[in-house]
Every structure is written in C-alpha cells, then in structure tokens.
Amino acid sequence: MAATALERMERRKAWAFALPALLWTGFFFIVPFAYMAAISFWTRQGREIVATWTLDNYIAFFGKAHFFKGLVVSLEITATVTVISILLAYPLAWIIAERVPKKWQRFALIMAILPFWTSYVVRSYSWLLVLSKGGVVNQALLWLGVIAEPLELSANRTGTVIGFVHFFVMLLTLTIYANLIQLSPNYRRAAADLGANAFQTFWFVVLPLTLPGIMVGAFLTFVLCIGDYITPQILGGNNELVLPQVIMLQLGRRADFPMAAALSLVLMVVVTLAYIACARWLKMERT
Amino acid sequence: MTKTVLGGLSRRMLLATAAALTLAPAAASAQDELNALVWCDHTDPALVEPFEKANNVKVNLKEYEGTGAAISIIEQSRPGDWDVLVIDAVDVPRAIDMDILGEMPADKLPLNDLFPEVRMDATTTKDGKVYAVTEKFGYNTISYDKTKVDPADMEDLSVVWSDKYKGRIALYDYYLPMVGLTAVGIGKKTADLKLDDLPTIKEKLFEMKKVARQASDVVASQTALATGEVDIVVGGGEWLTAGLSAEKPNLDWTIPKQGALRWAQSIGVFKDSEKQDLALKFVQYIVSPEGQARLATSSCYWAMPANAKAGEHLSDQQKTALRWDKQPEYLKNSQLYPVADADMDAAMQDIWTETLQQ
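Sequence lines, in order, name chains U and Y. Using the working numbering, read the first sequence as starting at 1 and increasing by one per residue. Using the working numbering, read the second sequence as starting at 1001 and increasing by one per residue.
This is chain U alone, in the form it adopts within the complex (with noise of 0.2 Å):
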C-alpha cells in the first residue's frame, strides 16, 4: 500500500512537471488548431464569415484544379528537394565525420551552418541576384564561353530548387553528420575483416546505419519546405503555385479565412502522414 501511495505521489509530480508543458501545448497549438479546423469548415458569403457547417472548402479543393494543382507542386518540389539535398549532403557530412581532422570539425560545422545566420528573406534575394540572367553564374558561364545565352535559372522551378537545396543541405549535413560520428569504427573493421572491400561496407554497413539519420533529416527538410512560401515567391517567379502560395492568396485582399484554413488543414494532413510513414519506419528500424 505504501509503495501505490508513492507511486501516486510520483504520478502527481509527474503531471505537475508536465503541466506548464500541456498547458502551453493546449493554449497554443491544440487550442488554434481546433479553432482552424472549424473555421475551415464555415464559409465566406459575400462580405461576410458565415459559421455554418459545411464540405463547401473541401470540394473546392478537390474540384477546382488550380488548387489541387497547388498540392501537387508543392509534393514534387519537396521530393526533388529532399533527394538532392540527401545526395549532396551525405558526402558533405561524410567528409567533415571521415576526412576532416577532429580539431577542425567544429569550425567545419561551423562553416556548414554560416548560411543560417542570415535573414531567410535577404539569402533568398541574394539567390535571386546570383541566379539572374546577369548574376554571377551566368555570367561566369558566358564569360567561359560554355554558354552562348544566359540561362534560365530564376523564375521558374529550378531556382525555387537551388534555393531550397542550399538551406536544407545544411541541415541533412548536421543529422547525418550525427549519425555518421556515433558510428564505433568496429563496424568498418569487422566488414573489411569479412573480407568487404569499401564500397561493399559503405553499402551493406554504413549507409543503413546512417538511414534513420537520413531519414530524420528527411523529414525536417519535408515538413519545413512543403510549407514554406517565401522561397517559391521569390525564386519561382509565380510561375506555379505551391500550397503556402495559395493559401496565402486566399488571405490577402480577400480575407477568405474558411478556404485557407482548409487548406492548411489539408498541408496539414499530408505533414502529419508524412511523420506517420518516417515514425512506423523509425520503430520498425529499431525492432
């Protein structure tokens, strides 16, 4: 009986201790996000925000393409991001964990990350002015001679992609990096022991190893550029809309609150299955 008392003494500290946390949670993130759901089910009619419960948003969704076409950019710029990004910088935090001296890491780290202390705002008009038809790489390119017309590399697609690639390189480097410096060298030695040559051992030991790393990085890089806006904005050009984009033309002259919060309801939701597949496959990597 004495021990059940302790224990629910301990439960209670344990909910204290809790406390301030799920109130914080509750007030602002449970709170506002119920309060969008609901509103994503009213209407705008006319002026007015009418708070009748109604699908009207959602089948606007699915039923207007300019809208589920939004989504639909918005996946195929975050999977082309998400892939190159992991392709580059698996190298990158391989050769900082393997290459570089261990005094130097840090400052190798450091180094990595030197693009997040600027404005996310300044660094994506910077890419805009590198990437411009007189910025820097093409006039590089043309002075070479290895083009003849400058290229195409903002205002469409492919600079909303370099400009993502460079900020979320960075931060697949620093979870893989984690992941790649935890690894005991024993693994490597018992592999090339059974006789693996490098690349055998990278394939079949290091590199599955190194997946949840990967895959935790994968993740952030997919939640934080699914709903991003101001990359797209600038470096897009408008040229196709992603999500965020949508939304927020929902938002602005307009002030359609019900349309743009369903459909950031439904950002939400591919988010949350996103997490779902990366934590099952989180869970069963450690079984």
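Since the hints were derived computationally from the structure, they do not count as laboratory data. Just so we're clear, the structure is a prediction, and the values are computed from it rather than from any experiment.
Straight-line alpha carbon distances no greater than 30 Å define the calculated DSS-like cross-link-like pairs of lysine-lysine that follow:
| no. | chain 1 | residue 1 | chain 2 | residue 2 |
| --- | --- | --- | --- | --- |
| 1 | U | Lys64 | Y | Lys1210 |
| 2 | Y | Lys1189 | Y | Lys1126 |
| 3 | Y | Lys1188 | U | Lys64 |
| 4 | U | Lys64 | Y | Lys1166 |
| 5 | Y | Lys1202 | U | Lys69 |
| 6 | Y | Lys1257 | Y | Lys1210 |
| 7 | U | Lys64 | Y | Lys1204 |
| 8 | Y | Lys1204 | U | Lys69 |
| 9 | U | Lys64 | Y | Lys1194 |
| 10 | U | Lys69 | Y | Lys1166 |
| 11 | U | Lys69 | Y | Lys1210 |
| 12 | Y | Lys1194 | U | Lys69 |
| 13 | U | Lys64 | Y | Lys1202 |
| 14 | U | Lys64 | Y | Lys1189 |
Starting from the known structure of chain U, fit chain Y onto it as the hints suggest.
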C-alpha cells in the same frame, strides 16, 4: 510615534512628485500619440516627421498589405486602438459598411482641390457624409526599359500578349488590376464587367502568361526591371518606375492607346478613435499640397498626388517622372478598378490563380 511637519510635507511632496511623474507622461502620451494603419508610403520619415514636429506628436505607423490583412488587424484590435486608416479606395465602402470609419467634416478638407476624376464621391461618401478622402492615385499600365524595347510598341497594349517580347515580360501579381487591365485591353469597361466577361478575359490572361517570364509582386517586379531580367512590367506604372528615375533614367512608363487602369488610395479617421481632432489634423496634413508632394514622392513608391495643387511643391524632375503634364489626358484615358461584389471578386481571383498555375 511622532510625525514632524517637515517629514509630512516631504512625504506629501514626494507623493505629489511621484503622481505628477506617473501621470504626466500618461497624459502626454494620450494627447500626443496617433496610431495609423497605413500603406508603406506613409512610413517615410520625410512625410511624417514634419507633422510630428509641427504638432509635437508621435505617429505610430503600422504597415499592411492588402485590405484583408487590414481587416484582420482591425478585428483583432480594441475600439480606439487605431486613429487613422489608409485603404484602397475601392474598399472604402467595405470599411463604411463595417462601421469602422467616422464622418469627417467636408468643409475642413480640400475636396475641391482634388483632381475631379479621383474625388470618387461614390465610394468615399455615404448619404452625403464624407468618410474618406482620396490621397494618392496612379495607374496600372505598362512600365518598360526604353533602351531595350521600342517605346512606340508600348503604346499598344496588345503587344503584351504577342510574341514580340516573349520571355521579357513580368506580370504584376495582383488579380484585380490584372483582370481590369486585360478588360481594358480588349475594349471592355471595367465598371460594366460581369461574370460572363471573365472567360474572354481569362483566355487573354493565359495568352499573356505564355509570353511572360514571371509574375511578381512590387519588389520583385521592380528588381526584375531594374536588373534587366525583364524589359516590360505589365500592370506597372509610375509607382514602379518614377521613384527610380534619378538612378535609372532608362525606365519609363506610359498609358497605351487602349487606356489603363487607375488605382487610388484613401485616408480616413476611425470612428472609435479617441483623438478625432488630431487624427483629422493628420488627414488634413496628408491631403495638403505640401503633404501631398511628400506622399507622392515617398521613398516606398511614387505616385500621383490627389491634390492638384501639390504641383507647386514638386520639382521639375519629379514632375517629369510622374508625367505631371500628361495627367489630363491620362485621367481621361483610364478607368477605375472593377468594383466587384463578393462573387465577382472570388471569380476574378480564381481566374488569376488559374493563370498563375498555367
């Protein structure tokens, strides 16, 4: 326990001083601060500082983009939080219907000095009462780099959906002027636009999008034109290029033969403002010839002053950049934004979103 007279006096003096110190700033701030919800052109210190100094007040400016954003801010505020509102002229009736604007005395505003075409009594007044006054206007038309395109081509709007400048055009990313300008381009009156007209307009917008390099907001359009990314901005006007005239004399704007769209912004006083007199004084300053010249050439963007007497305060260079002398002709050849009901507004936004997704 004894209490000395000196001690009592000192304590009373201390309390009085403390009370004075506590209350004085509060009283001063209640009198001397004005909260204005504005467009970015009002945030130029060159515009606001003379008013602040002359009246010993501090004007707190909150900048917003899009009427939707303003309404959202107002709805989240308490009555009395805001004193002055700057709003798209076509949205003044919306603000009047929301009952957020107070009546202003017509005899204390220089209404007769405004260009007659931009007085817009139909939108700024209701039942004979003045709720807002037009403070600035401009055109959604064509801005271009005259060293890269043939200026004669810019006199015909149809060039922007032909192949002649394919890949060298930016479209201003705002559905209302773009739908309106396209309507003007194909010979429709913006005031008469109906839902039935939208399919034809959409077709033209799609053609325009095919030859355009990008659709972009104000900053990106201006940057694209200034850096040579594009040579033409459809939907641009003096507000896009006039402010750059000193550094970039190659940039110009015109109104083609089909005409252009005219936008206007208005200023009014919040009904619940507790500083009605000071707020009105600010409005009077903004629409005075001096305030108008400063507003017209604000660092955020230049555009035409609504008060025709502002010309006295503009330099020759500023007048040239604004095409001051051509105003009578331009005012005649321009139409107002489509004043749409909610359904029409939603339909226009839909066709613009479809255009962007092409």
